[in-house]
Amino acid sequence: MSNQFPADLKYTKDHEWAKTSATEMVVGITQFAVEQLGDITLVSFDAKEGDTIEKGKAFGTIESVKTLSDLYAPVSGKIVRLNRDLESKPELVNEDCYGKAWMVAIAPSGDAGDLMDVAAYSAHVAASG
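If you read the sequence shown in my numbering, its first letter stands for residue 2, the second for the next number, and so on.
In short, the hints are calculated from the structure, not lab data. None of the values given here were measured: they were computed from a predicted structure. Mixed in with the good hints, there may be bad ones.
[Said to hold, decoys possible] Straight line, CA to CA, 25 Å or less: simulated SDA-like cross-link-like pairs of lysine to any residue:
1) Lys90 / Ala23
2) Lys58 / Asn95
3) Lys79 / Ser129
4) Lys56 / Glu88
5) Lys20 / Ala59
6) Lys20 / Ser123
7) Lys20 / Glu50
8) Lys67 / Ala8
9) Lys49 / Thr62
10) Lys58 / Leu43
11) Lys67 / His16
12) Lys90 / Asp115
13) Lys67 / Ile80
14) Lys20 / Gln32
15) Lys90 / Ala121
16) Lys20 / Leu83
17) Lys67 / Ser129
18) Lys49 / Pro91
19) Lys79 / His16
20) Lys14 / Ile80
21) Lys101 / Ala8
22) Lys20 / Asn95
23) Lys11 / Asp118
24) Lys20 / Glu36
25) Lys58 / Ile80
26) Lys58 / Thr42
27) Lys56 / Asp118
28) Lys67 / Glu50
29) Lys20 / Gly61
30) Lys101 / Val119
31) Lys11 / Gly61
32) Lys101 / Ala128
33) Lys90 / Ser129
34) Lys49 / Val119
35) Lys49 / Ser129
36) Lys90 / Lys101
37) Lys49 / Glu25
38) Lys67 / Gly51
Please build the complete structure, drawing on both the sequences and the hints.
This is the structure in structure tokens:
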């Protein structure tokens, strides 16, 4: 099942993915989350660029035909960028959750050591589904 999720990303128990570089962590939701949510109808951000966010705190919400879910920061830090395109085009999440539908970029100030690799995340998905 590992090939269902990109191997170069890290994952959270809340079905978000994270791609880290030297200066920031870009975050989005996984294909598993997209499948559970169904057609995405709204993405909204409670936070704004420049805000400091704590690990585990919500930075926005995502709404689908089925439910409304919070979007959580996988690491503490400063919000560098938000993908404002998603506010007018939420369908991008269904179309390209690992690319055009990234949600937030955070300049980390803390540890993200509890993120899972693709094998651990695949096992987490198998256990929850």
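| task | Given the hint that Lys49 pairs with Thr62, test it: the Cα-Cα distance must not exceed 25 Å. | result | With a Cα-Cα distance of about 13 Å, the restraint between Lys49 and Thr62 holds, given a limit of 25 Å.
| message | Tell me if the straight-line CA distance from Lys67 to Ser129 falls inside 25 Å. | response | 18 Å, holds
| query | If you draw a straight line from the CA of Lys56 to the CA of Asp118, is it 25 Å or shorter? | reply | 18 Å, holds
| message | Next pair to validate is Lys67 with Glu50; report whether the Cα-Cα distance is within 25 Å. | response | Cα-Cα ~29 Å, so violated.
| request: Would you mind confirming whether the straight-line C-alpha gap from Lys90 to Ala23 stays at or under 25 Å? | output: 29 Å, violated
| field | Given hint Gln32 paired with Lys20 - CA-CA distance at most 25 Å | value | 15 Å, holds
| field | Pairwise hint evaluation, Ser123 against Lys20, where the allowed Cα distance is 25 Å at most | value | The given pair, whose Cα atoms are some 17 Å apart, holds under the 25 Å limit.
| task | Mind checking the alpha carbons of Lys58 and Ile80 for me, to see if they're no more than 25 Å apart? | result | 12 Å, holds
| task | Given the hint that Lys20 pairs with Asn95, test it: the Cα-Cα distance must not exceed 25 Å. | result | 19 Å, holds
| field | Given pair status - Gly61, Lys20, alpha carbons within 25 Å | value | Within the cut-off at roughly 19 Å; holds.
| said: Given the hinted pair Lys20 and Leu83, is their Cα-Cα distance within 25 Å? | reply: Holds, because 15 Å separates the two Cα atoms, which is no more than 25 Å.
| query | Taking 25 Å as the top limit, are the C-alpha atoms of Lys79 and Ser129 close enough? | reply | 31 Å, violated
In this structure, the hints that do not hold are numbers 1, 3, 8, 12, 13, 15, 28, 32, 33, 34, 35, 38, in rising order.
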